[in-house]
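*Asks:* Below, each chain spelled out in residue letters.
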Amino acid sequence: VIGRLKVFSVGADWFYEEMKAQDIDAKPVEWIPPVEVPDDIASILSSLKR
Amino acid sequence: VVVKYREVKGRYLDSIILMAISRDLEGRKGVIKAGVMVMTKENIETFHDIGFDLPSTAGSSSIWIAVEAEDDKTAEDAIAFALEEMDKDQTMVKGHKRVTLDVLRDQFKEGDFPVLFISTPEEYVAGIANTALDQGVNLHIFSSNVPTDVEKTLKNKGREKGLLVMGPDAGTTIIHGKGLGFANKVRFGDIGIVGSSGTGIQEISVLLHTSGLGVESALGVGSNDMKKEIGGISTLQALALLDDVHTIFVIAKKPDPVVRKAVIDRIKSRPSVFVSLGDNVDERIGKTYHTGSIDDAVNTVLRDLGREEIGKPAAPKRIASGARKLLRGFFVGGSLCYQAQAILKAGGTDVYSNAPLDVTYALPQDWDNVSVCVDTGAEEYVKGRPHPMIDPEARNALLVKESARPDVAVLLFDVLLGYGSAMNPLEGLAGMVKGPVLVTSICGTPEDKQGYDKIRKELDSLGVNVTASAGQAAWYAAQVMKGVKQ
Numbered sequence: 001v002i003g004r005l006k007v008f009s010v011g012a013d014w015f016y017e018e019m020k021a022q023d024i025d026a027k028p029v030e031w032i033p034p035v036e037v038p039d040d041i042a043s044i045l046s047s048l049k050r
Numbered sequence: 001v002v003v004k005y006r007e008v009k010g011r012y013l014d015s016i017i018l019m020a021i022s023r024d025l026e027g028r029k030g031v032i033k034a035g036v037m038v039m040t041k042e043n044i045e046t047f048h049d050i051g052f053d054l055p056s057t058a059g060s061s062s063i064w065i066a067v068e069a070e071d072d073k074t075a076e077d078a079i080a081f082a083l084e085e086m087d088k089d090q091t092m093v094k095g096h097k098r099v100t101l102d103v104l105r106d107q108f109k110e111g112d113f114p115v116l117f118i119s120t121p122e123e124y125v126a127g128i129a130n131t132a133l134d135q136g137v138n139l140h141i142f143s144s145n146v147p148t149d150v151e152k153t154l155k156n157k158g159r160e161k162g163l164l165v166m167g168p169d170a171g172t173t174i175i176h177g178k179g180l181g182f183a184n185k186v187r188f189g190d191i192g193i194v195g196s197s198g199t200g201i202q203e204i205s206v207l208l209h210t211s212g213l214g215v216e217s218a219l220g221v222g223s224n225d226m227k228k229e230i231g232g233i234s235t236l237q238a239l240a241l242l243d244d245v246h247t248i249f250v251i252a253k254k255p256d257p258v259v260r261k262a263v264i265d266r267i268k269s270r271p272s273v274f275v276s277l278g279d280n281v282d283e284r285i286g287k288t289y290h291t292g293s294i295d296d297a298v299n300t301v302l303r304d305l306g307r308e309e310i311g312k313p314a315a316p317k318r319i320a321s322g323a324r325k326l327l328r329g330f331f332v333g334g335s336l337c338y339q340a341q342a343i344l345k346a347g348g349t350d351v352y353s354n355a356p357l358d359v360t361y362a363l364p365q366d367w368d369n370v371s372v373c374v375d376t377g378a379e380e381y382v383k384g385r386p387h388p389m390i391d392p393e394a395r396n397a398l399l400v401k402e403s404a405r406p407d408v409a410v411l412l413f414d415v416l417l418g419y420g421s422a423m424n425p426l427e428g429l430a431g432m433v434k435g436p437v438l439v440t441s442i443c444g445t446p447e448d449k450q451g452y453d454k455i456r457k458e459l460d461s462l463g464v465n466v467t468a469s470a471g472q473a474a475w476y477a478a479q480v481m482k483g484v485k486q
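Protein chains in written order, with my numbering: chain A, 1 to 50; chain B, 1 to 486.
For reference, chain B alone in the conformation it holds in the complex (with noise of 0.2 Å):
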């Protein structure tokens, strides 16, 4: 078995290609691994984790190829294979010439809004934002991680010259019924929707549409944009973009009270809700309606609006009995783990999470015997690889595997589909075993691209039960909890 590293200096390819590239290495005849992979800090810890402990002298700016084989020769082909896939051109993507970021200001006219979408490893980002705000350009900063001093000074810029600075670690807009990252084919409306929480902007505007009614537009603000270093600083500039719809929903997750009272301020008068996503709330403040759930927030204004509510699950024919008392929640959609987790505790049913409601639910070391709620595109879990909505494989793996324990009531997960997320979200579920109880719900429309109609009967055909929201799957799986002695 040999090991064989190979450096190239100067390149940058997005991780994306460079995990395709990784896989067909994997693939080839002799080869035991590979990886691909631009030189991060954190890519370092990847390449350790996947047993390759690169040279001393790896530097940054570079995408190192390993390649663990049988024998020399397979190893030198396969990194003569990588190096040509890396050389094919990349100055164009299927037929479009790449533009450079200092001309930037020439490329949009008088009247257009002009949004740089960002999605390098975090490093990069503070220099290229800073470069496109200069150019007079709005900010979507889909990338992760960038410490919150450069995301203060990023969206102090911004305000100070016009602009809107959306992000960082911003998944999720719609501009005049058009997606930017992962976002469903919605109808286009007089509803406009602010939101720190990405996966929460997707289930709002999709249970909108399901419910007839259409989006103008959806601006995510990033995750920290509500929290009290950085104030709401964007989500205060995107209201004041969005005055002339109709009605204004706002969604945080465990926004800052003081920033919170400062959005609410700002749209009380107008038909609002403010979701402040897991809280125990139900208020009115003038014309907002305040609430900690997705479900109660559409349906009120869905009620205002004289239309008929969401439509709510049937009790479980099935709870929780004997030796199986254990929840597995695994999600693709961070908010939605996070709300679904409160509504578990609603319930009656307290679940550990990497992402918890609070830190006494931090997910321990071992949590083989405790029921969990688990964030599958946190950081930890997308080391080296693309995050579970692009690539869905390792999330249900895990969901195949947990299926087959004895002690597993009830497995709870979601579905995302839309523009950015997989073609085939399901793939590798077919292995799933019927012994717990199998509930999720589809964020998705008839219109998006994966075909709704085909997901709910490859879903229908695993045993699944579907229910029309995020909350109703975990109301329902809470349910099912019922019959666990806590």
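The shape of chain A in the complex, shown without the other chains (with noise of 0.2 Å):
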């Protein structure tokens, strides 16, 4: 069963809007890049090991 609907927007702030135009829930998150964007899979990928 899905709980009470609250929702985070990173990236395009469209959607965003769109969500409050609904009412829902929502709040828009600050994001910047890193410095450096991963190039390839594998730094991605450890980029992800806990």
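In case anyone wonders, no lab produced these hints; they're calculated from the structure. Don't take every hint at face value.
[Unchecked claim] The calculated label-pair distances, taken between Cβ atoms and stated as ranges, are:
| no. | chain 1 | residue 1 | chain 2 | residue 2 | range |
| --- | --- | --- | --- | --- | --- |
| 1 | A | D23 | B | G51 | 43 to 53 Å |
| 2 | B | A323 | A | D25 | 54 to 64 Å |
| 3 | A | D25 | B | K261 | 48 to 58 Å |
[To be verified] Straight line, CA to CA, 27 Å or less: simulated DSSO-like cross-link-like pairs of lysine-lysine:
| no. | chain 1 | residue 1 | chain 2 | residue 2 |
| --- | --- | --- | --- | --- |
| 4 | A | K20 | B | K109 |
| 5 | B | K157 | B | K317 |
| 6 | B | K434 | A | K20 |
| 7 | A | K6 | B | K152 |
| 8 | B | K454 | A | K20 |
| 9 | B | K317 | B | K449 |
| 10 | B | K449 | A | K20 |
| 11 | B | K33 | B | K401 |
| 12 | A | K6 | B | K157 |
| 13 | A | K6 | B | K109 |
| 14 | A | K6 | B | K97 |
| 15 | B | K178 | A | K20 |
Built from N, CA and C at the ideal position, the CB exists for glycine as well.
Could you use the hints to bring the two separately framed chains together as a complex?
*Replies:* Okay, here's the thing in structure tokens:
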């Protein structure tokens, strides 16, 4: 069973605004890209290691 | 003529804002062309494609402004304008303060279903998603082109933590009647939908609404979830979350047979439908109806509930003849494009596509003299611009251009309404020539913000045949094409 919807939105504000138009309990998320973008899959995968 | 570049380091703004700034720049007197983009690998190519070769120092994590103008002052003024627009307070969205990723856990309470909706460039998805999972948040990843290895790693991690990872490439989700991404305003009810096809979910939910039924939740699991590599991880989790609904729909494009079996095994003891979109299949497995057609799926449920089926269109009054022998299909919904090809093929018309049913019908370099169905939301059509569901201008320009051809028999297209979609999906279509047979369907409800009746009237005034479903529109086009000797 899905509980009460609570949304966070990162990226395109267009979608956040569409959420608010539906009175969704939503918050925009601040986010700035990291200084360097990993340019290969291996580094992306290593960033996922816990 | 001068060309000027400016790098703004350490900044991120979403592509829709930057596209709007680019357009404003191009509308300024003396500006010949302009581009403002976050520096990603794809956008370096996009800059190149529109005629800007960035300095070799251009790196990631910055925004680049490129302006070609009649003189130096005009270019500098344009850059100053872009900087001013970018400097508007970005810590707020329409008066709402942004929160940071690392405090998400403090923002929800027990009993909530927290979801992070991610629509950043794909390079950044892994890091953001990983942080959110560590914060106990479910994910809806709208971004596409995320590597499969990353998707699988995220989904395994989510499953271990009891969190649902919808996407990457998840266009549509509805939870308790509220839509994320591209979603229609549909009635709340006791039907659940799980799908790896965003527009497929939209079409099912709209047809159910039109027939008087309602949707409890529709969970978009991302286009790859029912492929062999991912194994249906999120589909199976999503189904577990929808155990309380009366009827379940599952929809997938080319699902892996092993995954499909596992999913059907999970749902076959309850009223359910599995749509293997575009496949030639029609069977019952336990209480599950397995079909390749959205219309058949919805009609089966309507029949089972003693309701009237979706009305069928009359045969076309005009069929292709003489020089008019080509079909042109231009879609904003990838799954509707895919379904149209299957219906046209069954009706005797083979079409080529950039998202073909099989590689034999991959869109050739020169497709001037063959029938085509083009997914205009595919990567090659959205470089440097928003998805055509948000900005339909480029798709509609194709329709206008092709309508003027004397050899086109039928123009087939889709119209998507709802949250996330453009306010005017018909923008620019007034120039469409009435030479070919024009046919479409509206994936929308009278409650959608665009105004269903207004859209319908405009289509009528353009001479477009409007059918009750996307499947019917493709069927209608196939009937028109029966006049063409294949």
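*Asks:* Run every hint past the structure and note whether it holds.
*Replies:* Each hint tested on the structure:
Here the CB-CB span from A:D23 to B:G51 is close to 44 Å, well matched to the stated 43 to 53 Å. Judged by the Cβ atoms, the range 54 to 64 Å given for B:A323 and A:D25 holds: they are separated by roughly 58 Å. Separated by about 38 Å at the C-beta atoms, A:D25 and B:K261 break the suggested range of 48 to 58 Å. Simply put, A:K20 and B:K109 have alpha-carbon atoms about 20 Å apart, close enough for the 27 Å limit, and the pair holds.
Restraint check: the Cα-Cα separation between B:K157 and B:K317 comes to about 56 Å, which exceeds 27 Å; the hinted pair is violated. With a CA separation close to 40 Å, the supplied pair B:K434 and A:K20 exceeds the 27 Å bound. With a C-alpha separation of about 25 Å, the suggested pairing of A:K6 with B:K152 holds against the 27 Å cut-off. The suggested pairing of B:K454 with A:K20 holds, with an alpha-carbon distance near 24 Å, which does not exceed 27 Å.
With a C-alpha separation of about 33 Å, the suggested pair B:K317 and B:K449 falls outside the 27 Å cut-off, and the hint is violated. With a CA separation close to 13 Å, the supplied pair B:K449 and A:K20 stays within the 27 Å bound. Restraint check: the Cα-Cα separation between B:K33 and B:K401 comes to about 23 Å, which is no more than 27 Å; the hinted pair holds. Restraint check for A:K6 and B:K157: satisfied, since their Cα atoms lie roughly 21 Å apart, inside the 27 Å limit.
Distance restraint check for A:K6 and B:K109: the Cα-Cα separation of roughly 9 Å lies within the 27 Å cut-off, and the hinted pair is therefore satisfied. For the suggested pair A:K6 and B:K97, the alpha carbons sit about 16 Å apart, so the restraint of at most 27 Å is met. Using a Cα cut-off of 27 Å, the hinted pair B:K178 and A:K20 holds, with the two alpha carbons roughly 10 Å apart.
Going through the hint list in order, the structure does not satisfy hints 3, 5, 6 and 9.
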